[in-house]
Each structure stands twice: as structure tokens, then as C-alpha cells.
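Visitor: Here's the letter readout for the chains.
There are 2 protein chains.
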Amino acid sequence: MDYFELYHPGLSVDCVIFGFHDNELKVLLLKMKNSKQWAVPGGFVKKQEDVDDAAIRVLKERTNIEDIYLRQFHLFGQKNRSDDSYVDSLVQDHVIREDMDSWFRQRFITVGYFALVEFSKVTPSPDQNSERCEWVPLTNIPDLILDHQEIINEALKALRNKLRFGPVGKNLLPPKFTMTELRTLYETILGEELDRRNFQRKMLSFGILDKLDETRKGGAHKAPFLYSFNEEKYNQKLIKGFDTIW
Amino acid sequence: MDYFELYHPGLSVDCVIFGFHDNELKVLLLKMKNSKQWAVPGGFVKKQEDVDDAAIRVLKERTNIEDIYLRQFHLFGQKNRSDDSYVDSLVQDHVIREDMDSWFRQRFITVGYFALVEFSKVTPSPDQNSERCEWVPLTNIPDLILDHQEIINEALKALRNKLRFGPVGKNLLPPKFTMTELRTLYETILGEELDRRNFQRKMLSFGILDKLDETRKGGAHKAPFLYSFNEEKYNQKLIKGFDTIW
Numbered sequence: 000m001d002y003f004e005l006y007h008p009g010l011s012v013d014c015v016i017f018g019f020h021d022n023e024l025k026v027l028l029l030k031m032k033n034s035k036q037w038a039v040p041g042g043f044v045k046k047q048e049d050v051d052d053a054a055i056r057v058l059k060e061r062t063n064i065e066d067i068y069l070r071q072f073h074l075f076g077q078k079n080r081s082d083d084s085y086v087d088s089l090v091q092d093h094v095i096r097e098d099m100d101s102w103f104r105q106r107f108i109t110v111g112y113f114a115l116v117e118f119s120k121v122t123p124s125p126d127q128n129s130e131r132c133e134w135v136p137l138t139n140i141p142d143l144i145l146d147h148q149e150i151i152n153e154a155l156k157a158l159r160n161k162l163r164f165g166p167v168g169k170n171l172l173p174p175k176f177t178m179t180e181l182r183t184l185y186e187t188i189l190g191e192e193l194d195r196r197n198f199q200r201k202m203l204s205f206g207i208l209d210k211l212d213e214t215r216k217g218g219a220h221k222a223p224f225l226y227s228f229n230e231e232k233y234n235q236k237l238i239k240g241f242d243t244i245w
Numbered sequence: 000m001d002y003f004e005l006y007h008p009g010l011s012v013d014c015v016i017f018g019f020h021d022n023e024l025k026v027l028l029l030k031m032k033n034s035k036q037w038a039v040p041g042g043f044v045k046k047q048e049d050v051d052d053a054a055i056r057v058l059k060e061r062t063n064i065e066d067i068y069l070r071q072f073h074l075f076g077q078k079n080r081s082d083d084s085y086v087d088s089l090v091q092d093h094v095i096r097e098d099m100d101s102w103f104r105q106r107f108i109t110v111g112y113f114a115l116v117e118f119s120k121v122t123p124s125p126d127q128n129s130e131r132c133e134w135v136p137l138t139n140i141p142d143l144i145l146d147h148q149e150i151i152n153e154a155l156k157a158l159r160n161k162l163r164f165g166p167v168g169k170n171l172l173p174p175k176f177t178m179t180e181l182r183t184l185y186e187t188i189l190g191e192e193l194d195r196r197n198f199q200r201k202m203l204s205f206g207i208l209d210k211l212d213e214t215r216k217g218g219a220h221k222a223p224f225l226y227s228f229n230e231e232k233y234n235q236k237l238i239k240g241f242d243t244i245w
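Residue numbers (numbering that gives the first Met the number 0), protein chains in the order written: chain A, 0 to 245; chain B, 0 to 245.
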């Protein structure tokens, strides 16, 4: 396969895939072959492919799901993102074949995307350069290649910003959830505790939740009510945002 | 000059430069040589240059100012952004020389930046492919090349979003301004009228303004007080945003 023939030169996409599980925010990472380092799933952009479609393709290959909430958040364009010693190590560790050497020695800019997925729906699949594909808690990220730690940091910032002016929960939670589960998700993303009553009041005021006629059974406490997102109103807020200050 | 030698392949930057003048939001546009079409200022990225630095360079060349408020807002990566007929017309209109033909026939992705500048400080300068460089009101944009109309639309969306959760006025206004001038700027960006009292109350509540001991003289009405942005508090809000809903 001739990479130069098939792909847009000097361009890649990298996807930070967020999932919520065990009250933790996790990202899907690849363990590189013959190396201790990990990487954010990514790939190249075909010459006849929109850049956004390349990201959708990579996500489908790694998670085996489609229709993912996916947003471009930043272009990483620093000239020293990579260097020859990095490619040397890839060749030495047999992560890439020698005949791909000149492709990988190009300067690459990469388009960062973040995705929000429902944890249970994902079947992680490694790519040709990796031996494992796993969910890793954000609090316990291993050593990553290149600027991938920065890419994750920026993705988290972008996700927090989204939370500030529109809804995000729907893509990360199962269809039915308690108010506590929703608040825990928000607390986890924001990295801070939120007041239980204030959160419930504000969240209900947006009108995006339907209170169901069901409760979550099995806990020690009084069984809490279940909620689901009201599809129509949620999508309206997704476009218009919560009421703005102006 | 060998473009392939000097520049990163298939990559450009385009800068939507916003200024505020005569109660209107304007953008700086280039009139293409021998063509009726206009373009957003842009350029290529040198092999040894960060992508952000390429945007800074383009802006300095077109506006003759440095230290501009500049933000990446979107990567335009559609495969059909350009086509051969577009390059044919560039060659035919002598906008580009024939020996640059193969460079321009590449598929280009472009990184969109928007800039906020103080109108009076800018000295517009055309580039080698254009005959004029002018401020054009957003309400009166002429026919533009490629997807440049979409690039402007997306830049405006990004600017409006900025306004929703942080301050933006400082880069668009002169150092001293009245509350009415500030409100007019916000109304113009948002494209809607704002309540005079509410605006003043909210704006003052952010604590980013210093009320000066001076008034604007010369009007028919009682001379209004002048304000300036408090540098330190403004910059804090720029980083932290206005108080969020959570």
C-alpha cells in the first residue's frame, strides 16, 4: 500500500473518546506494539474523504459503533510535534514497516476530535499498530506518544466548555438514570463537587428531562426516581444552548 | 520559488478579521486580481512554522499590526472545497502563474482563524494575488471565492459563542468608550437588541469595567461617562469565563 498515493500528506486525525463508567470518566487508548507507550486512536485522511469522515471512520473501527457524538475541537499544528527520533523508535520497535519510513517522517499536523459514547455499547478494537485497545481512567493515564497527553487535556477542556452552555449527558449515560447519576457525571467532568439541590433545580429548569414513573430499586436508601432525556427538547438546547447571559 | 519545497502540502490558513466601525461589524477582505471575486486573507504554512504562527504572519502582513487577538475556530476539511475549474480560472485570470498550477491543484484543507482588531489601528495591505484590501460590512459581503462565505459564517458563530461566556470588547473598542458604545458592539455581534438597563447591570456585575472621571462631550444629550476595561480583571475573566451555570 502506497500511503502517499492514498492519503492526504502531512495530515492526521486523533480522537479522544470519552466514556463514563464506575463513576469515572475514561478514555479509549491503544497500547502500541512492542512499546510501553500508549496512544489516542487516530488515523490518516484519504485523499477522497472529508476530514470529518476520516474521524467517523476511525471511531467506528475502534469502537464498532456508529452515530457517535463527535466534535472537532482543535488543530495541533506545532512544527515540533514529532521528530526523527520518534520515527526511529517506531521502526526499531517494529511498530511500522521500514518502507513506510518516509511517510512517517513527514511533518504531521493533526485534527483533534472528541467523542462521547455510552460505555457499554463499545467493543474496543486495536488497530494495526497496537496490541491492545482499552478504557483507561482519566486519573490514571499512562505514558503517551508525541503530544497525545496535550490532546487529551485540550479535549477535556473542550468538553467542560460544552457543559457550560449546553447539555452533554445524553451521549454518556444509559437511557434511564437517576438525578444522582447525572450529577455525578457532571461533577466528574468538571472535577468539582456540585450542590445537590442547586443542581437538581437548575437541571429541571432547562426542561430537558422527563421524570419516569419508575424507580431504581436495590439500594439501601429510598428508591430514587429515574429520568430520561426528552429527545426533542434536548436537541433544541443542543442547538440554541442554555439561556445565555445576554 | 518552489512552493512544494517551502510550504506544508495541502494546508492553508484563512483569517476572518473583525473590526467595529460606524456601528457596524466589518471584515477585512481582498479583491482578487482580474476577478470580481473577493477572499478572506489567507496563506500557506511554512514547513518550519507552527500553524498558529502562519496565521499571525498573514495577519501582520495584511493589517500591519501585531499582538492581535486571534483564535483558531474550525478546520475546513471537505474534499470538494476546491476543484479544477477554480484553478483554471485563477490561471486564466492571471491571478496565479502557470508554474504554480500543480501546487494550487492539490486538495487543500484550511484552518480558520478569527481575529478581533481595533479598526483605527489597521492599515490594510493587499497580497500578491489581490489588487485591493478593504473593510467590508458584514451586511454587505460581495461574491467570495471557494467556501469563504461559509468560513465567515462560522467565524461569526464562533465570535457569538465567545460572547456568551467571556468578555470580547477590549480588542474591538478604543481604550475609552461609553456604555452605549459597548452595548452597540454587543448588539451588533449578536444581531439583536439588548435591554439598556439589563445590559448595564450585567456588564457592571462582572467587575471588568473601570468608570472613568471623564465624560464624552459634544452630543446633544447629557454627556455620558466613559469607561475602560480593567486589564487585570478582564484577563481573569478571559481565562475563567463569566460565572457559569454550574
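The hints are simulated quantities; they were obtained by calculation from the structure and are not laboratory data. Don't take each hint at face value.
For chains that are exact copies, the list does not tell them apart, and a pair is met inside one copy or across any two.
Below, in silico cross-link-like pairs of lysine to aspartate or glutamate (EDC-like), each with a Cα-Cα straight-line distance of 20 Å or less [what the hints assert, rightly or not]:
id, residue 1, residue 2
1, 45, 82
2, 236, 126
3, 201, 126
4, 46, 83
5, 161, 191
6, 30, 146
7, 239, 100
8, 239, 186
9, 156, 48
10, 239, 192
11, 78, 49
12, 236, 153
13, 175, 213
14, 169, 100
Visitor: Hints first: check each against the structure and report whether it holds.
Guide: Now for the hints, and whether the structure bears them out:
1. 45 x 82: Answer is between; shortest inter-copy Cα gap is 17 Å, intra-copy 23 Å.
2. 236 x 126: Neither: 36 Å inside a copy, 42 Å across copies.
3. 201 x 126: neither (42 Å within a copy, 51 Å between copies)
4. 46 x 83: Between copies only: 15 Å across, 25 Å inside.
5. 161 x 191: Result: close within a single copy only, 16 Å intra versus 23 Å inter.
6. 30 x 146: Within. Shortest intra-copy distance 15 Å satisfies the 20 Å Cα cut-off; inter-copy 39 Å does not.
7. 239 x 100: Neither. Shortest intra-copy (47 Å) and inter-copy (43 Å) distances fail the 20 Å Cα cut-off.
8. 239 x 186: between (23 Å within a copy, 17 Å between copies)
9. 156 x 48: neither (28 Å within a copy, 25 Å between copies)
10. 239 x 192: between (27 Å within a copy, 17 Å between copies)
11. 78 x 49: between (23 Å within a copy, 5 Å between copies)
12. 236 x 153: This pair counts as between: shortest inter-copy Cα distance 19 Å, intra-copy 24 Å.
13. 175 x 213: within (10 Å within a copy, 59 Å between copies)
14. 169 x 100: Neither way: residue 169 and residue 100 sit 42 Å apart in one copy and 48 Å across, limit 20 Å.
In summary, the numbered hints that this structure violates are 2, 3, 7, 9 and 14.
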